[in-house]
Each structure stands twice: as C-alpha cells, then as structure tokens.
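Enquirer: Here is how the chains run, residue by residue.
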Amino acid sequence: MIKNFLWLFFGCGLFIVLSPIVPEMINPYFFTILIYAGINITLAVSLNLINGITGQFSMGHAGFMAVGGYVSAFLTTTYGGSLQLPFLSIEIQEFLFFSFSLFVGGLSSAFLGYLVGLPSLRLRGDYLAIVTLGFGEIIRVVILNIEAVGGARGLPGIPKWTNFGWVFTIAFVCILVFQRILQSPHGRALLAIREDEIAAEAMGVNTTRYKVTAFMLGAFFAGVAGGLFGHFLTYLNPQTFDFNRSFEIIIMVVLGGMGSTTGAVVAALFLTGLRELLRPLQEITRLDFRMVIYSLMLIFIMLTKPNGFFGSKEITDFGPFRRFKKNPLNLAGEK
Amino acid sequence: MAEFFQHIINGLGVGAIYALIALGYTMVFGILQLINFAHGDVYMLGAFAGFYVSHYFGLAKNPGLFSLLVALACSMAACGAIGYCIERFAYRRLRKQPRVNVLITAVGVSLFLEFGGQLLFGADPKFFPTLYESGEPLVFAGIQINRLQLLVFVVSMLLMFGLRYIIFYTKKGKAMRAVSFNHDLSALMGIPVDQIISLTFVLGSALAGAAGILVGLTYPKIDPLMGVMFGLKAFVAAVVGGIGNVTGALIGALLMGVAEALVVAYWSSTYRDALAFGILIVILLFKPTGLLGRAAAEKV
Amino acid sequence: MNKKILLLLLITTALTFCTKKQETTTQTSTASADEILIGEVGSLTGGEATFGTSTRDGIDLAFKKINAQGGVKGKKLKVLILDDQGKPEEAAIAVTKLITQDRVIAILGEVASSRSLAMAPIAQANKIPMVTPSSTNPKVTQVGDYIFRVCFIDPFQGSVMAQFAANTLKVKKVAILRDIKNDYSVGLANFFTETFKKLGGQIVGDQSYSAGDVDFKSQLTSLKTKNPEALFVPGYYTEVGLIARQAREMGVKVSLLGGDGWDSEKLTQIGGAALNGSFFSNHYTPDDQSPQIQKFIEEFKADFKAVPDSLAAMGYDAAMVLADAMRRAPSLSPQDIRQALANTKNYSGVTGVITINKNRDAVKSAVVLEVKDGKFIFKEKLNPS
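Protein chains in written order, with my numbering: chain A, 529 to 863; chain B, 110 to 409; chain C, 722 to 1106.
Careful: at least some of the hints might be erroneous.
What the hints assert, rightly or not - Calculated lysine-lysine pairs in the BS3-like style (CA-CA distance at most 27 Å, straight line):
{"#": "1", "chain 1": "B", "residue 1": "170", "chain 2": "C", "residue 2": "1026"}
{"#": "2", "chain 1": "A", "residue 1": "688", "chain 2": "C", "residue 2": "1102"}
{"#": "3", "chain 1": "C", "residue 1": "860", "chain 2": "A", "residue 2": "688"}
{"#": "4", "chain 1": "C", "residue 1": "974", "chain 2": "C", "residue 2": "918"}
{"#": "5", "chain 1": "C", "residue 1": "1093", "chain 2": "B", "residue 2": "170"}
{"#": "6", "chain 1": "C", "residue 1": "1102", "chain 2": "C", "residue 2": "785"}
{"#": "7", "chain 1": "B", "residue 1": "170", "chain 2": "C", "residue 2": "797"}
{"#": "8", "chain 1": "C", "residue 1": "1096", "chain 2": "C", "residue 2": "1022"}
{"#": "9", "chain 1": "C", "residue 1": "848", "chain 2": "C", "residue 2": "797"}
{"#": "10", "chain 1": "A", "residue 1": "833", "chain 2": "B", "residue 2": "205"}
{"#": "11", "chain 1": "C", "residue 1": "893", "chain 2": "C", "residue 2": "918"}
{"#": "12", "chain 1": "C", "residue 1": "1100", "chain 2": "C", "residue 2": "1079"}
{"#": "13", "chain 1": "C", "residue 1": "919", "chain 2": "C", "residue 2": "974"}
{"#": "14", "chain 1": "C", "residue 1": "1093", "chain 2": "C", "residue 2": "1066"}
{"#": "15", "chain 1": "C", "residue 1": "947", "chain 2": "C", "residue 2": "891"}
As the list claims (entries may be wrong) - Derived Cβ-Cβ restraints for the label pairs, each shown as a range:
{"#": "16", "chain 1": "A", "residue 1": "724", "chain 2": "B", "residue 2": "249", "range": "33 to 41 Å"}
{"#": "17", "chain 1": "C", "residue 1": "865", "chain 2": "A", "residue 2": "631", "range": "28 to 36 Å"}
{"#": "18", "chain 1": "A", "residue 1": "821", "chain 2": "B", "residue 2": "271", "range": "34 to 42 Å"}
{"#": "19", "chain 1": "B", "residue 1": "248", "chain 2": "C", "residue 2": "891", "range": "25 to 33 Å"}
{"#": "20", "chain 1": "A", "residue 1": "731", "chain 2": "B", "residue 2": "206", "range": "20 to 28 Å"}
{"#": "21", "chain 1": "A", "residue 1": "545", "chain 2": "C", "residue 2": "1074", "range": "54 to 62 Å"}
If you are wondering where the hints come from, they were derived from the structure by calculation, not from laboratory data.
Fair warning: this is a prediction, and the values are worked out from it, not measured in the lab.
We treat Cβ as the ideally placed atom computed from N, Cα and C, and that holds for glycine.
Model the full assembly from the supplied sequences, consistent with the hints where possible.
Expert: So this is what it looks like as structure tokens:
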C-alpha cells in the first residue's frame, strides 16, 4: 500500500517539478508534439483496457474523449471567470478549478461508458465494434446540435491550462492505475473474459459487471484526456472527434500490442512522433501519406505479427527490467 | 398525403442502392462470418472506375442506355477484381485466426482504400458525368417519380434477381450455400472452398461496383470518402434483414431507405446518420438475428 | 528480433523529441538576410480543397509581383505554406510550427472561420499578426488585436442577400436550407433571417443538412409544400450543386440564393443547368471592367491558366495589404506591422476598397452574381450602410 503511494508521489512529483523547466528546454514546436504525445498515451492506455485487456473491441473512443473535453471546457468557459475564493492565490484557484473540471469531464465520460457498455453484454466482437462506432458517431452528432457549446461553430476561448505537468502526471496515474488493476483479481477477471467469456462466466465471473466497469474506466481517462486536449488547443470542434480519431487510437493499441500497457505507451509516442516526422514529406509532395501509412502498417502488423510489437508482454518482461515485475502470473505454480 | 408517399418513393430509391451493397456484406458474412469493412470502399472504387471509364471512352458525350451498360460492365469487372485481391491478399491468411484480428485487418484495408483513394484521385469531390438523361419526371397522383430513379430501381432489382438465381439455382450457388454452412464438411464433399470464397467476394464486389455507378448517376458528386457512411448503412440494412440472408438484405435495405427518408422529412436531417446506428442498436438488442435470420446456438 | 525493433522504436521516438531550444532571436530574424518569411495555412487537401488552392495561387501571384518590383524594404518575400487538410487542429499545429519553428513574421490564413478560430489564439499569444483573406465569422477578429481580415463579415453578407431578395427580386416568402455542420452557413442563415424579416419578408421553412450529405430530397419535399418564392442555400459549393439538381428534379423551380461559399468552378460542374437563374453574394466579380481587376485577371490567367475565383482574389488582396502594411511600417517587427495593418485606409484592392475598422474587419461592398450557363454574371453591387 505504502509502495503504491510512494510510486504515485515520486512519479507525479517528478513531472510537476519538470513542468516549468521543460518548456524552457525544448523548442515550442516540439513541446506541442510532446503534449500531444502525452495525451495520446493516456488515450491509448485507456483504450487498451477495453480492447486489449478485456477483449471488447471498441471503436468509439473518440466519443468519450469528446464528451470529457466538452464538459470540462464548458465548465471552464462558463464559470472560469467567476473564481471567487479570496483566500487562495489565482494559481491555486485555477489549479483546483481545472482539476475539478477535468474530473467532472471524466465522470461524464464514465457515465457514457456505462451506457455504451450495457448493450455490449449481448454483442459479440464484430457487432460490438460497429455499435461502439455508432455510439461514437451519435455522440458527435449530438454535440454538433448543442448550441450551448457552440454546435458546428465549435467552442473557442478555452483557457490554456494544460501543461507538461498535467499531461504527464495524468498519463502516469493512468498507467499506474491500470497496472495495479491488471495485477489484481479484478484484472485476472478481465483477462479471463478476454480469453474465453463463456468459461469465465462458468467460473463465476460476473462478466456483465466487469465489462461495464472496463468501459467506464477506459472512458473516464479518455474523458480526462479530452479535457487536457481542449485546454491545450483552446478550441474544440466536433469534427475533431470523428471515427478517424478513434482509428488513430486503435492503431496505437494494435501496434503496441493489445493487452500491453507498455506497448500502448511506446506506440503512442512513436505514432505521434511519426506524424510530425512525415510532415516534411507532406510539404514536399503536397500529399498526405500519413493515413495511408497507418493503414498499411495496420494491415502489415495483422498479417505478420498480430500481437503487435509487445504482444501481451510488458516492459517488465525484458532483461534488465525483470526485477521490477510484481506478481507474475504463476501459470504452473512455480515461483 | 401525397408528400408522405413521395417520401416513401424517395426512400425506396435509396433503399434499392443500399440493397446492392448490403448483399455483398451479407454474402461475405454468411460464408466467412466476417464483416468486410472494406466493402463500402469497393463501392466507392466502382463509382470512380465508372468516372474514369466514362472520361476515357467519352461516354458522357453519348448519354443513353448503351453508355450506362458499358460503364456498369467495366465497373463491375473492376470491382470484382478488387474484391478478389482483397480476399486473396488480406483475408485468406487470417482465416484461422481470432475474429478480432480479421476485423482489424478489414478496418485497415478500408482505411487504405479510402486514403489511398484520396491520394490517387485527389480528396476533392468529382463530378460524375451524366450517362443517362433524366428527362421529365413521371407524375401520378401528385407523386413524382424521376425516370432516373425508376431506372436505378429496375437495374438494382435485375441485378438482385440475377444474384438470387445464381445462389439458388446453379451448382456454384449451391456450393456457396454449402460453404456458408460448414467449411470443413464442404471441403470433404469435394468443394474447392477457396475458389468458392473468392467467387463470393467477386460477386459481392461486382454488385457494389454497380451500386457505385448508380449512385454516381443519382448523386453526381463522388469523393474517396463516400463509401464510409453508405457502407455502414448498408451493413445495418443487412443486419436488420438478418445477416447471412440474401432476401433479408433486400428487405432490410428498402426499410432503411424509407425510414431514413421519413426521419429526415419529419424530424431532422442531422439525425439521419445517427438513425442508422440507432436502428442497429435496437435490432441487436431486441432481435439480433434480424427479421429473417435464424438463431444460431453458440457451441461451447 | 523483438529487442532490436524495440530499440529502433525507442531511438526514433527519442530523436523526435530531443532538440535543444533554439536561441531566442528577435522575430525579425529571417531565413536568409534578404528574405522575409510569411507563413500561410490553407486546406490544400480535403473536401474544400479548391478554397485552399485558389487562395494559395492568389497569394503566390501577389508575392511574385511584389518581389519583381524589388520586394519590401529591399527584401524579397517568401511564403511558407502548410496544409491543414481542412481540420482545425491541424491548422493549429501548422500555425504553431510556422511561428515557433520557422519564425515567420506574419500569417496569412485561413479561409474557413472554424480553422481561423483555431489558429487565431496562437497567433495572438505569440503576437504575430494574422490576416485572414476570407473568414467571415465575426468571432475571428474578436480573438485579439493581432488578428485582421480583409473581407466583409457574415452579418453584412447575410443582410446583402436579404436586401437583394426583398428589393430586387421582390419576393416575400423565402425558405432556408442551411448546412448545420458549418458555422459559416448557420451564421449566414441567421443573419439573412434577421434582415429579411426586418424588411417585411417571411421565412416559410427552415431545413438543414450536413456537409457531406448527398441526398436532399426529403428536405426539399418538405420545403416544396410551403411554396417558397426563393430558396436561400448558404452552403459550400460541394453540396449546393447537388441541391440545385435535386430541387429541379423535384419540381422546385424557384431561384436559389446563396453566399460566397458558392464560389468555385465546380459549382456549375456539379449543378449544371439547374443553377440557371440563381444568385449569390460574393467579394468580387471577374466581369468588373475596371482596369485594375482586368489586369489582375490577365496576370492570373498567365500563371495559372484559369480565371481567378473570389478566393484567389481575396488571397491576392490579403497578401497585398500585408505587404503594403510592411512597407508603411517603420520596421519589420510584428508590433509595427500590426500597427500599420490597423491603420490601413482606402487601400485599393481587386476585391474593392479596403479600410480596416476598429474591429479589424474590412468595410467593403459586396456584389451579387447570377449563375447562367456555367458562368457567373454580375448583377448588382451593394454597399455597406
């Protein structure tokens, strides 16, 4: 227990301390990329819980991101101006308010995750995929019609409160939370559902409850990531959250290996970087190769190495890191 | 009242086109238990094939039935070939693998076709040439039926009956039905399973190609992303009718077309796309086998 | 094999992120000593690609001309253009890169208001002047004092068509078909409604569609029953062409009215004869016989083999106004350029006389064009009141 908190404080502390230093050390353009990479890490890891670990193929992750982003942005744009606590400095007020709005954004997404997760009880892989895709689209269309958040015009004027500390602390927390879950009985249940749902049910695992919980958790972090995104771009537009966005996240998870958190992290970093690396190619040829390259990569991976780069291994499975591995799954009872 | 029937007629027109695409989905699902995500994009390629063929052969200068048939033939051939390639190179190797993998590959192929199309054809929409002059609409009882709409409907029906004939009255069709029942048993019976699967893809894709031409005629704007929504809606139609069931696909598609027309007319056009997904969710929750499908017990 | 790939991935990732911050030089530093770098963001690919490519051509022509005349303050102008694929967040990334990495001293862009809105806060925060050639949503210049536009704004454009409908076409009942996914369309429809009602007209029906739709028969069928005398369709050319065709197929024979989103050669390619007798408001018309405009058209045709549409003309004017401001400014610092832009008065451009008002919008006249046999014919000019 103490160890958990130690990890938490150490990690978060590191990022918070680095936060003011990093923007001074790197070029602002690369800083932007870094922020997006961090947000993508949270997105990929959260999707990994649903797709990789629980085996529920969800294609509507952008919808969760959208809801979290819009809810938190709505809160900050509407009420941000009326911060009124006189006994706290502006920074602390902003900090508290931002945490609050991100949290509420995450909760709304989690609630939506609950709604989306429910029909998933009855549906098999392919159907679930299409239905989640549908939900993602429905969410987008609904947002498009809500005038209060600008509808088609988008929501401008969001305060730029996201910074390095925020993004990476949240990514870190997300990874930590999911690692802990994975190594707990809860995580075993999720893995069991992925491997063979009927057998798991037969063994007494309440698959309904676990599947819905997976959706809710994944959605929560996607929502928070959406909030971070909105407070960095300072402008939200429903078009940003279409199924291409969902596919981009899916590609990260697949590339990294469905079920591997490390894989998701590395793939998120790699793909965010790749995106920008390809920009000069785009400038020269005036053509956008990125999506074509992504899709070819996807097909190639599926044909040759369907488990992605990491398969279901984590970084703790490799040589020097092995000592960090906790609770290894003792398949045959060996130590 | 006339307005209501007008909406129905409009809906049937769109529904006929959905049906052509839905048939491809349903056949592939029946035989491989795979949702071929890329099918909608094959339809898009058909439209573009028609576009380039028309310009190459100067068909736009001689509008009429003959030009239309030429375009249809070329597009169907091209799409059949593309369908064959997709199956052969992307899906065949994955037949023994978990469904999720094939699904992801299908998504990958779909994206590849869409964005590759954007690279190849340019992302801006193109104008599909008029291969058939529409002329004055036919009017009865206050309802207008465009000649073009009628032609599209008739062509769709002809193609569909052609497919039905192949599936139910020929030997190859019988083989297709056998393979969709059980691969291994069919192989034991001497049916060349790979060949039959390829045939299924070719037929389905050819129909999608035809749909592409018909859509190009009706809504002359074509762009590389046009297959996404249309494909998804056709898929929903196939599910509504009972996926795996050919007649079901037709009925489901016509129903979808009409439902869409009515929703846009009496509620709001923004929810038109959402409607398709709404119907999907409702059907999957309450009658997952669709209207004409059989319930299949899942063996453990 | 796994480990090697892993190593490769990690190295690639690390390389992408590790750069030292470049020495902060003042923003007047240039790529080479005799060049001035201007950034441009446009939708060169994507659904409305012609908007971006036309604007780019206009800007290229303007800068080519200026450089041929010796440039600004003895230096040549160089434009760095990035494609945003029609997506707001790509526009934001593009403008960030241009400002922070390429160190441009001014930004030209974007055409669509939704993308300008994503870019403006970044330009404002970095205090780099941004001139949008064609974004008409009022909110764009409200972002801050470094954001300018050389076109009229939607409240004016909406009222122009309303006045045209009421006073010239003399219609009293108009139905609206707006693109609900497009802020431009929604805004324009609202402003039209406001003015038209004030002039005593009646909006008999209001339907919507989404950009990307191809089937409008349902909406048209509903609107037809209300017997409008004209149909206001303030969308982009991609859908308007189809709408016109389907309207005629359904027996809706009244004129269609629209805004500058119609302006593209593709409009009549898609819409064909269905658009004959329809009208739309625009920034300029190539039919205007003034020598300045005719000369511009000649030069444009020589370079690009096509008659410039209003987006090219606006791009040209935006670039010219920027260069003019840079000439008037005491130095090439962004602050001075900004001040000079704000002081722009009576600049004679090809799209009209441009004066930048205190909201950093341009006060200009609009023209109404009639569509006939694939051509846009000048009908009438409306001046700001």
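Enquirer: Next, verify each hint and record whether it holds.
Expert: Going down the list of hints, with the structure as the test:
1. B/170 x C/1026: Cα-Cα ~25 Å, so holds.
2. A/688 x C/1102: violated, 43 Å
3. C/860 x A/688: holds, 18 Å
4. C/974 x C/918: Cα-Cα ~23 Å, so holds.
5. C/1093 x B/170: The given pair, whose Cα atoms are some 21 Å apart, holds under the 27 Å limit.
6. C/1102 x C/785: Answer violated: residue 1102 of chain C to residue 785 of chain C is near 30 Å, above 27 Å.
7. B/170 x C/797: violated, 49 Å
8. C/1096 x C/1022: It holds: about 17 Å lies between the C-alpha atoms, which stays within 27 Å.
9. C/848 x C/797: Holds, at roughly 22 Å.
10. A/833 x B/205: holds, 14 Å
11. C/893 x C/918: holds, 9 Å
12. C/1100 x C/1079: violated, 31 Å
13. C/919 x C/974: holds, 26 Å
14. C/1093 x C/1066: Distance ~36 Å between residue 1093 of chain C and residue 1066 of chain C Cα, so the pair is violated.
15. C/947 x C/891: Status holds; Cα separation ~18 Å.
16. A/724 x B/249: 33 to 41 Å: violated, 60 Å
17. C/865 x A/631: 28 to 36 Å: For residue 631 of chain A against residue 865 of chain C, whose Cβ atoms are near 30 Å apart, the range 28 to 36 Å holds.
18. A/821 x B/271: 34 to 42 Å: holds, 40 Å
19. B/248 x C/891: 25 to 33 Å: holds, 30 Å
20. A/731 x B/206: 20 to 28 Å: holds, 25 Å
21. A/545 x C/1074: 54 to 62 Å: holds, 57 Å
Violated hints for the displayed structure, listed by number in ascending order: 2, 6, 7, 12, 14 and 16.
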